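Residue numbers (our numbering), protein chains in the order written: chain P, 1 to 256; chain S, 1 to 217.
None of these hints come from the bench; they were simulated from the model. Any given hint might turn out to be false.
[Claimed, not checked] One side of the interface only, derived from the structure: several residues of chain S facing chain P at Cβ under 7 Å:
(1) M87
(2) K94
(3) A95
[As the list claims (entries may be wrong)] Calculated cross-link-like contacts (lysine-lysine; reagent style DSSO-like; alpha-carbon spacing at most 30 Å):
(4) K39/P to K226/P
(5) K106/P to K124/S
(6) K123/S to K179/P
(7) K74/S to K106/P
(8) K123/S to K39/P
(9) K179/P to K124/S
The model shown is predicted, which means the values in this text are computed figures rather than measured ones. Yeah, the Cβ is synthetic: ideal placement off N, Cα and C, and Gly gets one too.
For reference, the chains in residue letters:
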Amino acid sequence: MTSYDLSASTFSPDGRVFQVEYAMKAVENSSTAIGIRCKDGVVFGVEKLVLSKLYEQGSNKRIFNVDRHVGMAVAGLLADARSLSEVAREEASNFRSNYGHNIPLKYLSERVAMYVHAYTLYSAVRPFGCSFIFGSYDQDDGPQLYMVDPSGISFGYWGCAIGKAKQAAKTEIEKLQMKDMTCRELVKEVAKIIYIVHDEVKDKAFELELSWVGEVTNGKHELVPKDIRVEAEKYAKASFPSSVAGEEGNCSGIST
Amino acid sequence: MERHLMDSKIKGVSTGTTILAVTFNGGVIIGSDSRASIGGYYVSSKTINKLIQVHDRIFCCIAGSLADAQAVTKAAKFQISFHSIQMESPPLVKAAASVLKELCYNNKEELQAGFITAGWDRKKGPQVYTVALGGMLLSQPFTIGGSGSTYIYGYADAKYKPDMSKEECLQFATNALALAMGRDNVSGGVAHLVVITEEGLEHVVIPGDKLPKFHDE
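Given only the sequences and the hints, what does the whole structure look like? Please build it.
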C-alpha cells in the first residue's frame with residue numbers, strides 16, 4: 001500500500017492506480033449532481049451547498065454552457081472542473097470551425113475524456129479531481145447524456161448521479177420511467193430527487209441549480225426559468241409530508 | 001484573358017473547365033468535362049477526371065489550377081476519412097465542404113482552386129455546396145462552375161426545376177455540359193457524370209460524339 005500511491009505513473013501489485021482512485025474520492029466529497037435524459041431533452045440538477053450566508057445568490061455555478069446545445073454539470077474540485085469546461089468549449093468550437101455543424105455529444109465526451117485520461121499517465125501531473133455530466137439536444141440525434149469520470153472514461157446514460165449521495169440518487173433515478181417523460185415533468189422529479197438526497201443533518205443550507213436542454217428550449221441549453229424552478233421546488237418540498245428542507249427535522253437519506 | 005494566360009504560366013496546367021452539381025428527388029448528380037489546358041492554346045489532356053471521390057457518398061469537382069486542386073482534395077480526403085472514422089459514422093456533406101473551405105480560406109494567398117462538393121448524407125439527404133476561390137462556402141440546390149459555366153447560366157436558370165426525377169436531371173446536366181463544352185474553348189472532351197443516391201453511385205461517361213447536338217452542329 002505504501003509507495004504505490006505516490007504518483008499516477010505507478011501501478012499497485014493488485015493492478016490499481018491509486019492516484020486515480022483518490023481523485024474519484026475527491027468527487028465523492030462534493031455535493032450531488034444528477035442528469036436525466038427523457039423523451040425530448042435532458043435535465044440537470046445540482047445540490048449546491050451554501051457554505052456562507054455572505055455568498056451572492058446564484059454564484060459558484062456548478063452547471064456550465066459548453067456550446068449552445070450542450071450543458072455540463074460537475075462534481076468534485078470546482079477549479080479543475082472550470083478549467084476542463086474551457087477545454088470542452090474549445091473542442092466544441094474547433095469542431096464547428098472545421099466541420100460546419102454542432103459537435104455530436106458522444107464525440108465531445110470522448111475528446112474530453114481523452115484529455116482527462118492523459119493526466120492519469122504521468123507523475124508530473126495529478127489527475128483531475130472532478131466528474132462531469134454532459135447533456136445535449138439535437139433535432140436529429142435527440143437528447144444525449146454522457147458522463148466522464150477522473151479515470152478518463154465516458155459512458156452514455158439515461159440517468160446518472162455523481163457526488164456524495166450518488167448511490168441514493170441512483171436508486172431514486174432508477175424508479176423513474178424517464179423514456180416516457182417530457183422535460184417539464186422531469187424537472188419536478190429532478191428537484192424532488194435532489195431534495196430527497198440532501199442530508200439535512202450534515203449539510204444545512206443548499207441552493208438547487210436546475211438547467212435543461214431540449215425541445216422545450218429549442219435545443220438551447222439554459223438554466224430553468226425562475227417560475228418553473230420555484231414550481232419544481234414546491235413540488236419537491238410537498239413530497240416530504242413530515243419535514244421540509246431548512247427545518248431542524250431529522251431528514252436524511254431516502255424517504256419512500 | 002491576359003491574366004488568365006499569366007496565371008497559367010506560373011501555375012502550369014489549369015482546368016479551364018465546366019463543372020456542375022444538381023440535386024434531384026432522392027439524390028444528386030455531379031458532372032464535369034474532361035479537358036486540361038495550358039494557357040488556352042494547348043490541350044494537355046483530353047481525358048482527365050475532375051470528379052474526385054472524397055468519401056463513399058461525397059464527391060468534389062475541381063476548377064482552377066489542377067495542381068492546387070489535387071493537393072487540396074488529397075488533404076481533404078484524408079481529413080474527411082479520419083473524421084468519419086473518429087465519429088463512427090459517414091461524414092455529413094456539410095462537414096466535407098467545410099473541410100475544403102477551411103483549406104481554401106486559410107491558404108487563399110497561395111491557392112487558385114474552386115470546388116463544388118456534392119453528396120448524400122443520412123441527415124439532410126442530397127446536397128450541393130460551392131466552395132469559391134477565396135474560401136466562401138454556399139449551399140445551393142444546384143450550381144455550375146468553371147470557365148465554361150458562364151455560357152450556360154441562362155440555360156441552367158431557365159431549365160432547372162426542383163425535385164426532378166433522375167432521368168430529367170441527367171438530361172438537364174448532360175445538356176448543360178454539352179452546351180458549355182460547345183462554346184468554351186478550354187472545356188471539352190467527354191462528359192463525366194456521377195449519380196449519387198442513398199443506394200450507391202452510378203458513373204456515366206458520355207463521349208464527345210454522343211453528346212446531345214444543338215441547332216448548328
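Cross-check of the supplied hints:
no., hint, result
1, M87, "holds (6 Å)"
2, K94, "holds (5 Å)"
3, A95, "holds (4 Å)"
4, K39/P to K226/P, "holds (23 Å)"
5, K106/P to K124/S, "holds (20 Å)"
6, K123/S to K179/P, "holds (23 Å)"
7, K74/S to K106/P, "holds (28 Å)"
8, K123/S to K39/P, "holds (20 Å)"
9, K179/P to K124/S, "holds (26 Å)"
Consistency with the previously given hints is maintained throughout, with no hint failing.
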